[in-house]
Amino acid sequence: MTDQTDPNPPTVIEVRDLVTHYGTRQILNGVDVDIVEGEIMVIMGGSGSGKSTFLRHLMALQRPTSGTIKILGQDVWRLPQKKLFELRKKLGVTFQGGALFSSMTVGENIMLPLYEHTKLDRMTMEIMARMKLEVVDLAGFEDLMPSELSGGMIKRAAVARAVIMDPRILFFDEPSAGLDPVVSSQLDDLILRLRDAMGMTICVVTHELESAFKIADRITVLDRGNILFVGTVQELHDHPSERIQNLLNRRSEEAEIDADEYLRRLTGDKEEAEGMPR
Amino acid sequence: MAEGSNQSVAYRFFDKIGRMSTSALEEMGRHGVMIAESLYWLIIGPRMNQPVRLGAVFSEMMEIGVRAIGIIGIMAAAIGAMLAIQGIYSLKIFGAEGHVVVGVAFSMVREFAPLITGILVAGRSGSALSARLGTMKINQELDALEVMGINPVRFLVVPSLLASLIMVPVLTFMSMVLGLYAAALYVNAALGMSLAAFFDQTVDVLSVDDLTHGLGKAAIFGILIALIGVLNGFLVKGGAEGVGKATTRSVVQCISAIVVTDMLFALVATF
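Residue numbers (this note's numbering), protein chains in the order written: chain A, 1 to 278; chain B, 1 to 271.
Don't take every hint at face value.
To be verified - Each computed DSS-like pair below joins lysine-lysine, with the alpha-carbon atoms no more than 30 Å apart: (1) B/K137 <-> A/K90; (2) B/K245 <-> A/K89; (3) A/K82 <-> A/K70; (4) B/K137 <-> B/K237; (5) A/K90 <-> A/K70; (6) B/K137 <-> A/K119; (7) A/K70 <-> B/K137; (8) A/K89 <-> B/K92; (9) A/K83 <-> A/K70; (10) A/K82 <-> B/K92; (11) A/K214 <-> A/K90; (12) A/K119 <-> A/K90; (13) B/K137 <-> A/K83; (14) B/K16 <-> B/K245; (15) B/K16 <-> B/K237.
Just so you know, these hints were derived from the structure itself, not from any lab.
Please model the entire structure based on the sequences and the hints provided.
Here it is in structure tokens:
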């Protein structure tokens, strides 16, 4: 939960009138979002809604066509390179596939930001890496290569790398993608734990309703480059807009597809599917 | 109708030429930017507390240079022996096979050693560089570096560029020595000329200019291999298929660039 002692926590990310075009195609159409300190903001939307592009803008990886993005009070696209470099030390990112460097061990991956940005000795860095691995329940895995880890472990190791510099803002790109429900739920718990224990502001981009409802303090719903909704989970449930309710119901239906229906959709033939050995 | 279709063919032809020229200019521009950015990080990086890590340079030198010694050594020896065989065969027509050393020494030092080394390094390391960076790009590892405040050019490109710039001339020098030694062994077997006589003649005919000609070319090949490999890796689009295409493109471009540069270098140097 957002810090209860501060009724008006400061805004750490301020997005104004963000517009993005890919050629003639409009991806984001005047997006305005504020993310306040210590909250978990979930950016939701279907495929093609512009949420991944939006996240790339927030991470200062891609320049928008127009609009401003202020992170910790600094306009990221007006910052000189040195200042942007300093700002990036305060951000952590966990990418969809983990993006661990395959040529390095898990421990080396986690120590890399320390190695590049600090003058700590190797032993201190190793201790810090082990501590972060313990936070994500991967203690003892530091000498393994990323190829030796499962999908869920890779994501947790990526979280450990993202928090090694104790960032103020943590971004997650589709944390549940490719994970089974149990592992996905464990990752959601980890996100909540990071916010509670380390007081980070967390911004999660996902299309998983269940995960979003579990972790979000507030949700932003993007649809075809426009913001449909910004508010709490309860406000989202109670929202009178038919478009939002359709979106929620459609998600629920998708979540409820049983194994037979899934097989039928795959094969396109119900009888044939039912006759197949299981 | 026929005239219209002729116009259309001409239009398409010139349109294609125009696009290819623009694309080639764009590519040259990218190479220029990459060199400028690499120099920037090499010079400015330490002032920003972001130096190019020597460890990374040595690691690339191992990969590009030391691990290629075996195959380049074998190829250079084979080329040296082949030059001796062909030289003796041709010169025998004029009864001048004793002069084979002149041809072998010039060819090996000025042309074949840099060329074969460049081509082998391009096939081995240029393609590996493209594949590695391409895979890193599609796995978002390059994005991860950037959001961690680690510039990918400083972290990945500069070490490869420096390693290639150092190791291709070093390997070329090794190729020269091994190629000449293999030629000397064949000439010894075929004509009974001692190794000492072979190398005495070699030293007599070669000048420092010949050596710098070969090594200078090799340094340019080294830069070309790293730049082409890196750029193709950075420009990968799509998934595994994109990486495959970039790797193939990198090898073809590297070899073409090496051969054309070699020809231009020879032309300018002998004008």
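- Item | Pair hint A/K214 and A/K90, alpha-carbon separation not exceeding 30 Å | Cα-Cα ~26 Å, so holds.
- Are the Cα atoms of A/K83 and A/K70 separated by 30 Å or less? OK: A/K83 and A/K70 at ~13 Å, within 30 Å.
- Message: Holds or violated: A/K119 and A/K90, Cα atoms, limit 30 Å.
- Response: With Cα atoms ~17 Å apart, A/K119 and A/K90 stay inside 30 Å; holds.
- Query: Under the criterion that the straight-line Cα-Cα distance not exceed 30 Å, is the pair B/K137, A/K119 satisfied?
  - Reply: It holds: about 28 Å lies between the C-alpha atoms, which stays within 30 Å.
- Task: Compare the distance between the alpha carbons of A/K90 and A/K70 with 30 Å, and conclude whether the hinted pair is satisfied.
- Result: Given pair A/K90, A/K70 holds - Cα atoms ~13 Å apart, limit 30 Å.
- Query: Quick one, are A/K70 and B/K137 close enough, alpha carbons at most 30 Å?
  - Reply: OK: A/K70 and B/K137 at ~27 Å, within 30 Å.
- Verify the proposed pairing of B/K137 with B/K237, using a straight-line Cα cut of 30 Å. Holds, because 9 Å separates the two Cα atoms, which is no more than 30 Å.
- Item | Straight-line alpha-carbon gap B/K137 to A/K90, limit 30 Å | Distance ~23 Å between B/K137 and A/K90 Cα, so the pair holds.
- Hinted pair B/K16 and B/K237, Cα distance within 30 Å: At roughly 22 Å apart (the allowed maximum being 30 Å), B/K237 and B/K16 satisfy the hint.
- Compare the distance between the alpha carbons of B/K16 and B/K245 with 30 Å, and conclude whether the hinted pair is satisfied. Satisfied, since the Cα-Cα distance of roughly 21 Å is no more than 30 Å.
- Take a quick look at whether B/K245 and A/K89 sit within 30 Å of each other, Cα to Cα. violated, 35 Å
- Would you mind confirming whether the straight-line C-alpha gap from A/K89 to B/K92 stays at or under 30 Å? violated, 72 Å
In this structure, the earlier hints numbered 2, 8, 10 are contradicted, and the remaining ones agree with it.
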